[in-house]
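Engineer: Letter by letter, the chains look like this.
Protein chains: 2
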Amino acid sequence: MKQKLSIIKIGGNIIEDQESLSEFLKLFAQLEGNKVLVHGGGKRATEFGKRLGIESKMVDGRRITDAQSLEVVVMVYAGLVNKNIVAQLQANKCDAIGLSGADANAIIAVKRPVNTIDFGFVGDVMTVNAESISKLLSAEFVPVFCALTHDGRGQLFNTNADTIASEVAIALSQNYDTTLYYCFEKKGVLRTITDEDSVIKRINMENYQKLKQQKIIVEGMLPKLENCFHALNKHVQQVCIGDISMLEPNAQLFTTITL
Amino acid sequence: MKQKLSIIKIGGNIIEDQESLSEFLKLFAQLEGNKVLVHGGGKRATEFGKRLGIESKMVDGRRITDAQSLEVVVMVYAGLVNKNIVAQLQANKCDAIGLSGADANAIIAVKRPVNTIDFGFVGDVMTVNAESISKLLSAEFVPVFCALTHDGRGQLFNTNADTIASEVAIALSQNYDTTLYYCFEKKGVLRTITDEDSVIKRINMENYQKLKQQKIIVEGMLPKLENCFHALNKHVQQVCIGDISMLEPNAQLFTTITL
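Those protein sequence lines, which keep their order, are chains A and B.
The first sequence: position 76 = 75 (numbering that gives the first Met the number 0), numbered continuously.
The second sequence: position 11 = 10 (numbering that gives the first Met the number 0), numbered continuously.
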């Protein structure tokens with residue numbers, strides 16, 4: 000039987016609020032079994048970029064990562080955010096080890112192909128090195144990934160943290176019985192967007208189609224759920240979406256997604 | 000018989016010059032056997048600090064690391080410098096994994112006690128976790144340390160890179176036959192400071208005393224050598240001082256220090 004593995008992705012809202020982050024890290028540290036944390040960088044990269052006089056470049060509403068922005072992203076994601084999370088996890092007796100995709104050659108990407116927009120130093124994940132990550136897990140370390148990848152030829156890339164989480168989960172599901180958790184500010188996928196407690200507890204392929212037709216699941220939640228089903232189709236056992244309390248023992252109010 | 004381990008520390012002059020750094024990383028990647036890299040941050044932290052409007056605070060000519068400076072140091076050392084080194088090593092087929100002292104709980108420090116000066120968030124190394132670092136080496140990773148430590152309670156510290164290198168060497172010499180390399184801009188300890196080729200090839204306790212008396216070794220080199228003898232007294236096998244070329248196969252012109 001495969002060992003269990005939990006992969007938890009936290010979003011910007013949790014990282015930016017010191018109290019939520021502390022609370023989350025305490026719960027994460029207490030989680031039993033193999034685990035991996037994936038975090039974005041929140042607004043701190045934009046904030047430091049501004050202070051350094053680097054403007055966020057946007058084309059057609061999409062953010063471009065030029066060389067200067069990449070420097071800021073690397074500093075904030077892999078430096079400030081990652082090392083503070085690692086130090087706090089160590090304080091909670093969790094043997095964390097902070098990683099970019101370059102460390103241990105963990106996540107190899109290619110520069111996003113230029114179609115109509117050149118996104119700059121943005122990487123699309125090509126390969127997750129499940130062997131390297133498994134070696135760290137076997138040695139009882141807890142990998143903490145920031146949202147950076149590399150091309151294996153010396154170039155770092157900015158990469159979407161949700162994608163890193165799902166690709167790592169997919170790659171490790173060969174060796175582990177893997178659950179992927181997306182931890183954000185809502186209690187789950189909501190039936191009524193204005194009602195925090197209207198969490199849809201279970202979504203599968205069948206009722207997902209209905210929820211789409213009924214326009215209960217719309218807009219930003221659609222690509223998120225497509226991403227979840229992609230992971231499930233690639234042998235991730237289940238995907239859970241909810242807020243920090245989802246990691247509490249006996250938590251009940253969150254969304255579980257299965258095929 | 001113990002396995003061999005090389006611990007190499009590179010200084011700011013190498014890090015700041017992209018060509019020297021590339022050349023060094025190529026040589027480092029080719030080194031056989033277990034190895035660890037330790038790097039400082041060079042002047043880039045000061046430069047980014049200035050751009051962020053953070054003044055370097057000095058008291059009696061000593062640099063103070065306040066909360067804002069610590070943020071910059073963490074971003075530059077653990078982010079920008081460390082991740083670019085790791086990505087370049089990976090490009091050279093060296094399976095590097097970048098670490099601060101918080102990662103894998105590798106280096107625990109205490110805030111430097113306030114005597115006459117409060118240095119701020121500067122840590123003095125207390126314990127090197129040889130077991131954690133050995134686990135990474137056994138898994139065939141190459142640890143790359145930046146000059147940061149932590150107190151185990153969530154606080155990161157700025158710590159001297161020379162000290163990190165010698166303390167890591169001392170701790171690992173229990174398990175490995177350890178050689179410590181200090182790689183800087185000179186070819187070694189010079190007999191005549193103006194003559195780059197006047198390298199003293201061998202220094203031991205006996206001729207060190209003479210070289211001190213004859214005022215051949217003076218000023219900044221004295222604490223460096225005291226630090227080397229400290230490591231040797233704590234069972235590090237040998238210490239070598241020289242420039243990048245010291246890592247070339249069949250290198251001859253550098254200083255070897257033994258007891």
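Worth double-checking, as some hints may not be accurate.
Result set (EDC-like, lysine to aspartate or glutamate): computed pairs, CA atoms no more than 20 Å apart in a straight line [to be verified]:
id : chain 1 : residue 1 : chain 2 : residue 2
1  : A       : K134      : B       : E139
2  : A       : K25       : B       : E139
3  : A       : K134      : A       : D94
4  : B       : K134      : A       : E46
For each label pair, taking beta carbons as the anchor points, the in silico distance ranges come out as [claimed, not checked]:
id : chain 1 : residue 1 : chain 2 : residue 2 : range
5  : B       : L221      : A       : Q29       : 33 to 43 Å
6  : B       : K200      : A       : H234      : 54 to 64 Å
7  : A       : Q29       : B       : N249      : 31 to 41 Å
8  : B       : E22       : A       : D123      : 41 to 51 Å
9  : B       : S244      : A       : R62       : 51 to 61 Å
Don't read these hints as lab results, they were simulated from the structure.
Every residue, glycine too, gets a C-beta built ideally from N, C-alpha and C.
Engineer: Does each hint hold? Answer for all of them.
Structural biologist: Status of the hints after comparison with the structure:
no.: 1; hint: A:K134 to B:E139; in the structure: holds, 10 Å
no.: 2; hint: A:K25 to B:E139; in the structure: violated, 31 Å
no.: 3; hint: A:K134 to A:D94; in the structure: holds, 14 Å
no.: 4; hint: B:K134 to A:E46; in the structure: violated, 38 Å
no.: 5; hint: B:L221 to A:Q29: 33 to 43 Å; in the structure: violated, 50 Å
no.: 6; hint: B:K200 to A:H234: 54 to 64 Å; in the structure: holds, 60 Å
no.: 7; hint: A:Q29 to B:N249: 31 to 41 Å; in the structure: violated, 54 Å
no.: 8; hint: B:E22 to A:D123: 41 to 51 Å; in the structure: violated, 32 Å
no.: 9; hint: B:S244 to A:R62: 51 to 61 Å; in the structure: violated, 44 Å
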